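Chemist: The hints should help you fit chain B onto chain A, whose structure is shown.
Residues per chain are reported as follows:
Protein chains: 2
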Amino acid sequence: MDNFQFYSPTEFVFGMDTEGQCGAYVKKYGGTKVLVHYGSQSAVKSGLLGRVTTSLEQEGIPYVTLGGVQPNPRDTLVYEGIELVRKEGIDFILAVGGGSVIDSAKGIAVGVPYEGDFWDMYSRSVPVKAALPVATVLTIAAAGSEGSSSSVITKEEGMLKRSIGSDLIRPRFSILNPQLTCTLPAYQTACGATDIMAHVFERYFTNTKEVEITDRLCEAVLCTMVKETPRVIADPNNYESRANIMWAGTIAHNNIVGVGRSHDWNSHGLEHELSGLYDVAHGAGLAVMMPAWMDYVYHHDIMRFAQMAVRVFGIPMNFENPEDTALKGIKAFRKFLVEIGMPINFEQLGAKKEDIPVLVEKLGIGEGTRGGFVTLDKAAVTKIYEIAADATL
Amino acid sequence: MDNFQFYSPTEFVFGMDTEGQCGAYVKKYGGTKVLVHYGSQSAVKSGLLGRVTTSLEQEGIPYVTLGGVQPNPRDTLVYEGIELVRKEGIDFILAVGGGSVIDSAKGIAVGVPYEGDFWDMYSRSVPVKAALPVATVLTIAAAGSEGSSSSVITKEEGMLKRSIGSDLIRPRFSILNPQLTCTLPAYQTACGATDIMAHVFERYFTNTKEVEITDRLCEAVLCTMVKETPRVIADPNNYESRANIMWAGTIAHNNIVGVGRSHDWNSHGLEHELSGLYDVAHGAGLAVMMPAWMDYVYHHDIMRFAQMAVRVFGIPMNFENPEDTALKGIKAFRKFLVEIGMPINFEQLGAKKEDIPVLVEKLGIGEGTRGGFVTLDKAAVTKIYEIAADATL
Chain A
1 MDNFQFYSPT
11 EFVFGMDTEG
21 QCGAYVKKYG
31 GTKVLVHYGS
41 QSAVKSGLLG
51 RVTTSLEQEG
61 IPYVTLGGVQ
71 PNPRDTLVYE
81 GIELVRKEGI
91 DFILAVGGGS
101 VIDSAKGIAV
111 GVPYEGDFWD
121 MYSRSVPVKA
131 ALPVATVLTI
141 AAAGSEGSSS
151 SVITKEEGML
161 KRSIGSDLIR
171 PRFSILNPQL
181 TCTLPAYQTA
191 CGATDIMAHV
201 FERYFTNTKE
211 VEITDRLCEA
221 VLCTMVKETP
231 RVIADPNNYE
241 SRANIMWAGT
251 IAHNNIVGVG
261 RSHDWNSHGL
271 EHELSGLYDV
281 AHGAGLAVMM
291 PAWMDYVYHH
301 DIMRFAQMAV
311 RVFGIPMNFE
321 NPEDTALKGI
331 KAFRKFLVEI
341 GMPINFEQLG
351 AKKEDIPVLV
361 EKLGIGEGTR
371 GGFVTLDKAA
381 VTKIYEIAAD
391 ATL
Chain B
1 MDNFQFYSPT
11 EFVFGMDTEG
21 QCGAYVKKYG
31 GTKVLVHYGS
41 QSAVKSGLLG
51 RVTTSLEQEG
61 IPYVTLGGVQ
71 PNPRDTLVYE
81 GIELVRKEGI
91 DFILAVGGGS
101 VIDSAKGIAV
111 GVPYEGDFWD
121 MYSRSVPVKA
131 ALPVATVLTI
141 AAAGSEGSSS
151 SVITKEEGML
161 KRSIGSDLIR
171 PRFSILNPQL
181 TCTLPAYQTA
191 CGATDIMAHV
201 FERYFTNTKE
211 VEITDRLCEA
221 VLCTMVKETP
231 RVIADPNNYE
241 SRANIMWAGT
251 IAHNNIVGVG
261 RSHDWNSHGL
271 EHELSGLYDV
281 AHGAGLAVMM
291 PAWMDYVYHH
301 DIMRFAQMAV
311 RVFGIPMNFE
321 NPEDTALKGI
331 KAFRKFLVEI
341 GMPINFEQLG
351 AKKEDIPVLV
361 EKLGIGEGTR
371 GGFVTLDKAA
381 VTKIYEIAAD
391 ATL
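If you're matching them up, the sequences are chains A and B in order.
When the first sequence is numbered by my numbering, its final residue is 393 and no position is left out of the sequence of numbers.
When the second sequence is numbered by my numbering, its final residue is 393 and no position is left out of the sequence of numbers.
Calculated directly from the structure, the hints in this document are not laboratory data.
Take these hints with a grain of salt, some might be off.
Which copy is meant is left open, because identical chains are indistinguishable; a pair holds if it fits in one copy or across any two.
[Said to hold, decoys possible] In silico DSS-like pairs for lysine-lysine, Cα to Cα no more than 25 Å straight-line:
(1) Lys353 x Lys27
(2) Lys331 x Lys227
(3) Lys45 x Lys209
(4) Lys28 x Lys129
(5) Lys33 x Lys129
(6) Lys353 x Lys129
(7) Lys383 x Lys352
(8) Lys45 x Lys227
(9) Lys362 x Lys331
(10) Lys28 x Lys353
(11) Lys227 x Lys33
(12) Lys45 x Lys33
(13) Lys28 x Lys155
(14) Lys45 x Lys352
(15) Lys27 x Lys87
(16) Lys155 x Lys87
Treat the numbers as computed from the prediction; the structure is a model and nothing was measured.
With the rest of the complex left out, here is chain A:
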């Protein structure tokens, strides 16, 4: 096990009707004027935004709202938010929505105290040194941003996706009410589930030896997703399944399942170019890229893939031929994705095989490599995109 630091100070408030507590929690964490940041009008129409602002009013906390966050949240709205927060003297940012809204809120939070262009931090030319406090009322189980130290923003010019990571942007509190996810369409639910599983797989495929505890914790989240996801696809109002998935989504990405070991993150990296270029859902892109990446790398550690097959997908171990078990595990993952309505190749996703050179170019790998479970060069990432393009069950 590698040395590590783990810090997850977010206070999670989980369960039915918990959004009514957000005013009290803003007060607890010192907010005196709030930016309520949200996405589409559905947050307004559903009555959620009204319940949130009523809760703030009950505590006498003034607020300003800023909606319009799109999936793959854009730099343009972050600039607008930074300006608004500065003008209004706001000291607390409350994201009401899914990962895109939260990531946008985190972008505003680091941008306000920074004198230059906030994109400097996302392009990694300067580190994050300060941030306004952020909190969340989560509406989609997927990105894990409600408990994570990261934020991904898309620069509209060129559709470049870039990220930051800092403990300063871990939410002060996150309100997780599974009821709010019951109205999500099946496709978005499945995209979220795929994202959650991908967050775990990126940590599961490690070159660090002897990490039984985090292996087992990863498998705990994966087994839960394998059990619960088809249940919510079949019955969207199943509160218990929604609850299990929502908490699994937080645990999948606050890094409790990833400490003390090397990670991969190449499926995410390769997917970011897909959803950047085509503006497809991140989870759907991962459904295409993650198994393709597995196909390409599994030779590197056949026993680890066999372990996944046995412990996560319940495939019997083939002791004479572990590779057979490993391959059956990857196949089981693709079957699971198809079962929950996810695409598994470019055509189903709405991507084009002839764009692969563009994707590789945008990835910016050049003559270099990307580290991870297996180090990838330009030829390798091209091959993974090619596998993804043509994949079938």
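Modeler: Positioned in the frame of chain A, the structure of chain B alone reads:
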């Protein structure tokens, strides 16, 4: 799943040689004068205390030391610590040791700002409202106090064990260096492992339905302990096993494996009277009490015990007779305990069957009941002590 709040703000610094960072972390968390609280002279002889104080000196942080914490830490030393901290104007308490030292430090931390007798809080006549910041350098993987909100202190007069629980006593940071646990005798290592597993079992045996994610997380910790404990007993210097156990011990008790569900805690409650009366190791007492409690309650939910048997101990499911599987699971747990050198009955522990009425009396159950997985009355706890007294493999 039940509604819950989860808050684990402790910063964990894990790995080899990490104790050298404690000065920097005290500074980060605002300590200006430190009480270094420890147990036996072994912390001095091993050089650990010297490394800790050197680290404080390097940051220019003054400190006062207070050693002498015993297993089942006593109120008498807590009183002494409170007086010392007040006299010296100390504002930060650093526990260097295992659960007893940390619990004693937490007792001092809540006692200093409280005007009355600190025992009022442990006897639950007043709530905890303030506490000095506490941090830890952990030397024993067992109690989980390094990440928990609880503290157990024994009142010397009458050897009464009582506890408090408050987010205010969650450590600011905890330094976890598995190397420090390599010198632990096998018996103490096994006691710690038993305590860790008991912390999970108390949460695992729940009446809350549909808690797959926390069930799986519980099983993750238990499987890790089943694998790693015999390895460290056989090879005390196995760093990797020590590391897995140490982190498992923290996760077992910061409540990440216990949210959203009812708990039991009767094995702990019944054990506290044993270790109170005989001053035996808490983990050894649990090794006797926990399986006895299982024997008494398993009828209440045979399938849950079968699940434990299958998922934790790898017993094949007997679909024609799930009770057989459940019983084989309890037997496997006792066999595991014997294998790691733990007692499983009163004689092996050094307790006396004829004292059962005394134990029941001290438990203070009277004509009432204790809630949990199964509600227990006086006859029930008497029976559990009787099963524990006579248990064999």
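Chemist: Checking each numbered hint in turn, tell me which of them this model violates, lowest number first.
Modeler: Violated: hints 1, 3, 6, 8, 9, 10, 11, 13, 14.
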